[in-house]
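Q: Spelled out from the first residue to the last, the chains are:
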Amino acid sequence: MSEQSLLEIRGLEVVFDGFKALGGVDLTVAAGELRFLIGPNGAGKTTLIDVITGLTRPAAGTVRFAGTELAGRPEHKIVRLGIGRTFQTSVVFEELTVVENLDLAAGFRRPLPTLLRQRRGVSDEVAAALDTIGLGDLADRPAGVLSHGQRQWLEIGMLVAQRPRLLLLDEPVAGMSGDERERTGELLTEIARDHTVIVVEHDMEFLRRYASQVTVLHEGRVLVEGDVAAVQSDPRVQEVYLGRTREEAA
Amino acid sequence: MSDRLRGYALFASISLLLLVVAPLALPAFRLDELAKYLCFAIAALGIGLAWGQGGMLTLGQGVFFGLGGYAMAMYLKLHDAGGDLPDFMVWSGVEHLPALWKPFGNVGIALAAVVAVSVAIAVVLGVLVFRQRVRGAYFAILTQALAAAFVILLVGQQGLTGGTNGLTNFYDVFGRDPEAEGTQRTLYFVTAIVLGVLYLGARQLVKSRFGRLLVAVRDGEDRVRFLGYNPATVKTVTFAISAAMAGLAGALFVPVVGIISPSLLGVVPSLELVVAVAVGGRYALAGAVLGAVVMNYAKTSFSEQWAGGWLYLEGALFILVMTLAPKGAVGLYEQARDALARRRGVPAPAPTAPQEVAA
Chain Z
1 MSEQSLLEIR
11 GLEVVFDGFK
21 ALGGVDLTVA
31 AGELRFLIGP
41 NGAGKTTLID
51 VITGLTRPAA
61 GTVRFAGTEL
71 AGRPEHKIVR
81 LGIGRTFQTS
91 VVFEELTVVE
101 NLDLAAGFRR
111 PLPTLLRQRR
121 GVSDEVAAAL
131 DTIGLGDLAD
141 RPAGVLSHGQ
151 RQWLEIGMLV
161 AQRPRLLLLD
171 EPVAGMSGDE
181 RERTGELLTE
191 IARDHTVIVV
201 EHDMEFLRRY
211 ASQVTVLHEG
221 RVLVEGDVAA
231 VQSDPRVQEV
241 YLGRTREEAA
Chain C
1 MSDRLRGYAL
11 FASISLLLLV
21 VAPLALPAFR
31 LDELAKYLCF
41 AIAALGIGLA
51 WGQGGMLTLG
61 QGVFFGLGGY
71 AMAMYLKLHD
81 AGGDLPDFMV
91 WSGVEHLPAL
101 WKPFGNVGIA
111 LAAVVAVSVA
121 IAVVLGVLVF
131 RQRVRGAYFA
141 ILTQALAAAF
151 VILLVGQQGL
161 TGGTNGLTNF
171 YDVFGRDPEA
181 EGTQRTLYFV
191 TAIVLGVLYL
201 GARQLVKSRF
211 GRLLVAVRDG
221 EDRVRFLGYN
231 PATVKTVTFA
241 ISAAMAGLAG
251 ALFVPVVGII
261 SPSLLGVVPS
271 LELVVAVAVG
281 GRYALAGAVL
291 GAVVMNYAKT
301 SFSEQWAGGW
311 LYLEGALFIL
321 VMTLAPKGAV
331 GLYEQARDAL
341 ARRRGVPAPA
351 PTAPQEVAA
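So the protein sequences, as listed, match chains Z and C.
Positions 1 to 250 (the numbering used here) are the ones given, in order, by the first sequence.
Positions 1 to 359 (the numbering used here) are the ones given, in order, by the second sequence.
Source of the hints: derived by calculation from the structure; they are not laboratory data.
Mixed in with the good hints there might be a few duds.
As the list claims (entries may be wrong) - Footprint (simulated), chain Z over chain C, 3 or more residues, beta carbon under 8 Å:
no., segment
1, 201-208
2, 212-221
Said to hold, decoys possible - Calculated Cβ distances over 12 Å to all of chain Z for the following chain C residues:
no., residue
3, F226
4, G228
5, T233
Positions of the beta carbon are idealized from the N, C-alpha and C atoms, including for glycine.
So that you can see chain Z by itself, here it is in the shape it has in the complex (with noise of 0.2 Å):
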């Protein structure tokens, strides 16, 4: 395997009841790759996210992160190796206000003492993850009084402040308006620029604009990889998008 790959998937199965939901997926995101993620609903890409987290348990198969075997941790601490997700639907804490929030994602790192002491000021990390995601003149009101996309935002912003290494974003402009989509591709761009980041997304449009390496989940294997443009010419991924038979497209 190449020196600099950060996430190696080997083999990975995940059974849900008798039924598959990845079947043998192999996936290799180098460091400092910025990979999108796509396929049709149910192909098994929040599974995939899921079982790099450690929210579910694969039935076989390794997932390796930097050289560490993540199988069988727990959550928290698959975190504290370093990486980071958020979710479809965001989840941010309505009663913490935007810098609190930011606070309690920075503050896993900082020495035990630090955590029953009250919060004086705002730290480095928590102020650059605010400049980031633009959230400034917020920073004091609770998370509750947030919009959709602000609170997306405010999850990435909480991703950044946690330094992980990799980064998984579950459908970050879904439901969003179009210029919110726009806001959240320059975020993406520029927390690509330092970070390894795995972008599932359902948008096509965003898609286009924003991604370069793409992986095509169908039925819970990799059908496809590569560039934009390679993938999105490719007829088994028009096969599955459009749902024509192999017969028709021929």
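For this one, chain Z is given, so just place chain C on it according to the hints.
A: Chain C in isolation, oriented as in the chain Z frame:
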């Protein structure tokens, strides 16, 4: 920070009221009653922390209250017996001091056990339960079952625990006559000061990063895992702190009231504490304290007039609060204050997290 100043001012005036005005104004009997309410307030403070801040509905705080109470009572009984068997053991036909009792002859061990036993049991329970991600109603039922089992255990071991009667008839409380007015007054001050110190400690905890984390665990336990924290640890620590508070409350209750018995710590007393916290306002520590004092005062006054009626009134009040004012008395006060501010034309303050309400 006018909010903060107002909080300190309120705390100072309540301290003044409890430490100066009440001892001067109240007859000894009523002051003793107040000391009892303050004991319940200490246990309620722990519930406010575990339930209000941490979302752990604990229906079995009576267990920890009892553990603290029995530890203290065992010491007092042994001290009174002066090397002989405690009176109730003689009546039950016990001939040798049971091994379980022996360490409690030492005042240091007994006082340490008041907190240590409660904490140890809370930690074991927390590790077993929270790690398995048992929460919500399941946790509540589990703690209630624990309270029921604890009572059965106490009642069944007559020779060891005094059975249904519990432990009572203390003649010497740390070298003083427990019935004397001066002793009662001292006990009142000790209880009030312990409550004040624990309140300030709990408030500091709530305002600390740990407190923010606790609220996060309450509102989104699964999300907290993905911030790199183990919610089970956060909950276990908080549950242990609340158990320690209940233990201390029980230990103070014994010399103040002069008895500890199963009927004081079973399912019903545990529930009554939770009801008091809900009525006062569970999201504010002050609400928990206020609820415990007011509800217990109301219980005493009401029972003097109409003995059997309190339980109905209490139940009705609980239902009313949970359906109409889930934030309790403190929540109603905040609503009224904001409404008043709006009528004066001042924009209402930005909604602050309820636990930041001072005092």
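Q: Please go over all the hints and tell whether each is borne out by the structure.
A: Evaluation of the provided hints:
1. For a cut-off of 8 Å, the count of residues in the segment 201-208 of chain C with a CB near a CB of chain Z stands at 4, and the three-residue condition holds.
2. For the segment 212-221 of chain C, the stated coverage by chain Z holds: 6 residues have a C-beta nearer than 8 Å to a C-beta of that chain, and at least 3 were required.
3. Not every C-beta of chain Z lies more than 12 Å from that of C/F226, the closest at about 6 Å, which undercuts listing it as non-interface.
4. Distance check for C/G228 against chain Z: the nearest CB is about 3 Å away, which does not clear 12 Å, and the non-interface claim fails.
5. Residue-level check failed: C/T233 sits 9 Å from the nearest beta carbon of chain Z, not beyond 12 Å.
Violation of the numbered hints given earlier is confined to hints 3, 4, 5; the remaining hints are satisfied by the structure.
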